[in-house]
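Visitor: Chains as they are written, first to last, in our numbering: chain A, 790 to 1215; chain B, 78 to 173.
FYI, nobody ran anything at the bench for these hints, they're computed from the structure. Even glycine gets a Cβ: it sits at the ideal position worked out from N, Cα and C. A hint or two may mislead.
[What the hints assert, rightly or not] Below, computed lysine-lysine pairings styled on DSSO-like, alpha-carbon distance capped at 27 Å:
#, chain 1, residue 1, chain 2, residue 2
1, B, Lys143, A, Lys1180
2, B, Lys143, B, Lys160
3, A, Lys1064, A, Lys812
4, B, Lys117, A, Lys988
5, A, Lys875, B, Lys160
6, B, Lys143, A, Lys988
7, A, Lys875, A, Lys987
8, B, Lys143, A, Lys1005
9, A, Lys1180, A, Lys812
[As the list claims (entries may be wrong)] One-sided excerpt, in silico: chain B residues whose CB lies under 7 Å from chain A:
#, residue
10, Leu133
11, His140
12, Phe154
13, Leu156
14, Ala171
[To be verified] Negatives, chain A to chain B, calculated, CB over 10 Å:
#, residue
15, Val908
16, Ser913
17, Asn1003
18, Ser1009
19, Leu1043
20, Phe1071
21, Met1177
22, Glu1181
23, Gly1182
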Amino acid sequence: MEQQALWAIGIFLVIYAIIISEKIHRTIVAMIGGLIMVVLGIVNQETAIHHIDFNTLGLLIGMMIIVSTTAETGVFKYIAVLAAKKAKGEPVRILVLLSLITAVGSAFLDNVTTVLLMVPVTFSITRQLRVNPVPFLVTQIIASNVGGTATLIGDPPNIMIGSAVKELTFMAFINNLAPVAVVVMAAYVPLFIWLFRKKIQTTDELKRGVMEMNEKNLISDPKLLRKCLTVLGLTLVGFFTHQLFHLESASVALAGAFVLLLLTGEHRMEQAFAKVEWMTIFFFVGLFVLVSGLIETGVIAELAKKAIDLTGGDLVATSLLILWLSAIASAFLDNIPFVATMIPMIQEMGSMGVDNLEPLWWSLALGACLGGNGSLIGASANLIVAGMAGKEGYPIRFVQFLKIGFPLMLLSIVLSSVYIYLRYLI
Amino acid sequence: MLNYGYDEAALRISESANENDVEFRIVLAADDPSIIAGLKRVRQEFDENRVYTDVLFYHYPDHEYKIIVRKDYYVDFVLELMKQRLLQSVEWTADR
C-alpha cells in the first residue's frame, strides 16, 4: 500500500477515535481531519470540494428552514396536545400516540428535527400528568429512528445514500423501506406498552386536567401556519415527483425553503437561518473530505475487494453482512461517518462485478438507521434527546437505554434480514 | 419571600406548592386583550429561552390559565408578570 494511503488510514482512524471519545466537539474534529487531508496533499482542495455532497447539505438546510419556521406557529404543540386529549389523558395511550407521531414526523421532516420539536411538548404533557418523562423520551428516540428509516429525507444515512445513488428516488425509498419500518413499529408498540405501562400511572384528576385543555390557543400565528403548511405540502409533493422533473431532492427542499421565506418576508429570514444547525452541516463537510482521502488513495477499493473475498461475492452473504455490520457499528459509532465510508465501498463493489447493488443499499440503510437504536450514542437524535433530558434533570443513562434499545434493535434487524431475504434475494 | 399585588377586578391569581413546582392559576375576569397579550408575552419569554421545564403554560376555557413554575424560576416568573404589567406591585417581605 502506498505511503499516502497509510497516512490517510492513520488520519481517518485517529479522527474517528476522537469523534467516538466525544472529548472534543465532533464538528471541530471532522473539519480538522478533512483539512489535514488537504494540507498534507492527500487530496487537493479542488478534489476535496468535489467530494462534498452538496445535495445532502442542501436537503438538510432546506428542511431545517421549513420546519423551524413551521414550528414558530405552534402547530406541533397543537398536534401533541390534541393527541393527549384523544388519548383521554391516559399516559400509556399518550406514550403510544406521541411515539407514532414521532415516527411519522421523522419520516417526513427528518428525525433530528422531529425530536427537537417533540421533547418540549413531552415535558409539558408529562409535567401536567406528573409522570416521569423518560419512558416517553426513550420511546420517541426509538420511534424517530424507525420512522426515519422509511424515507429518503427521514434520517441522515438515507439522505446520504439517496444523494449518492441517483436511481434511488424518494419513491424508491418509500416503496422499499416504508413496509419494513411499519412492521418494525407495529412490533415495537406492544413492547412499549408492556415495558412502561406500570411506570407511568397518574390520577383521574390529572387526566381531567389534560382533557380540559384548550389546544386551539396554541396556534400562535394562523396566517403563517397556512403559508407554512402550503409550502411544506408542496415540498413533499416535490419529493414524491422529483425524478419526473429531473430535480435533485436538495433543489426541492431549497426551493420550498426560499419560497416560504419569500412569502413570510425578510424579517423571518435571519431567525430561520439562525435555526439551521450549522454544526451538523459542517460535520458533514469535514466527513466528506475525510472520506475522500480514503477514496482517492484506493483504501476504499481495497476494503471492498476484501469484503467481496470474504463473502465470495455471494449477494445473500454480502447483503446480510452489510445489514448486520451496519447495525452493530451504528449502535456504537456515529452512523453518519460509518455510512460516509460504506457508500464508496458499495459503489466500488459495483465496479468489481457485483451486478445487483440494490439489496446492498437497502441493507446499508436499514442497518445504519435501525442500528441507531442499539445504544444512546447510536444516532444524532438519541444524543439530542438525552442531552435535552439531562439538562432538565431527567438523565437517560447509557446502560438504562442499552437494556431497552439493544434488544429492540436486534429484533428490528432480524425482521429486516427476513425482509431483505424474501424481497430481494430469493 | 415575594409578595405581589394585582388588579383584582381584572384577574385572579392563586398559587399552590407541589414538590419542585409552584402551580399558578390565573383567571381573567373578562376577555381583556391587553392582559391576554401580556400573558402571551410572558409565555413567549419562557418558551424562547433554552430551558424547557422552567415555566409551562396550559390554557383552559373561560380565560383560565394553569402555569407550572419550577421553584428555581419562581422569582423570574413573578418579575416577568410585573414587567408585562399583569402585577401592580412586587416586594420582598421581611422574612427574606
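Visitor: Confirm or reject each hint.
Guide: Hint check:
no. : hint                      : result
1   : Lys143(B) with Lys1180(A) : holds, 24 Å
2   : Lys143(B) with Lys160(B)  : holds, 19 Å
3   : Lys1064(A) with Lys812(A) : holds, 25 Å
4   : Lys117(B) with Lys988(A)  : violated, 34 Å
5   : Lys875(A) with Lys160(B)  : violated, 37 Å
6   : Lys143(B) with Lys988(A)  : holds, 25 Å
7   : Lys875(A) with Lys987(A)  : holds, 21 Å
8   : Lys143(B) with Lys1005(A) : holds, 15 Å
9   : Lys1180(A) with Lys812(A) : holds, 18 Å
10  : Leu133                    : holds, 5 Å
11  : His140                    : violated, 10 Å
12  : Phe154                    : violated, 15 Å
13  : Leu156                    : violated, 22 Å
14  : Ala171                    : violated, 32 Å
15  : Val908                    : violated, 7 Å
16  : Ser913                    : violated, 5 Å
17  : Asn1003                   : violated, 5 Å
18  : Ser1009                   : violated, 8 Å
19  : Leu1043                   : holds, 27 Å
20  : Phe1071                   : holds, 21 Å
21  : Met1177                   : violated, 7 Å
22  : Glu1181                   : violated, 5 Å
23  : Gly1182                   : violated, 7 Å
Hints 4, 5, 11, 12, 13, 14, 15, 16, 17, 18, 21, 22, 23 from the earlier list are contradicted by this structure; the remaining hints agree with it.
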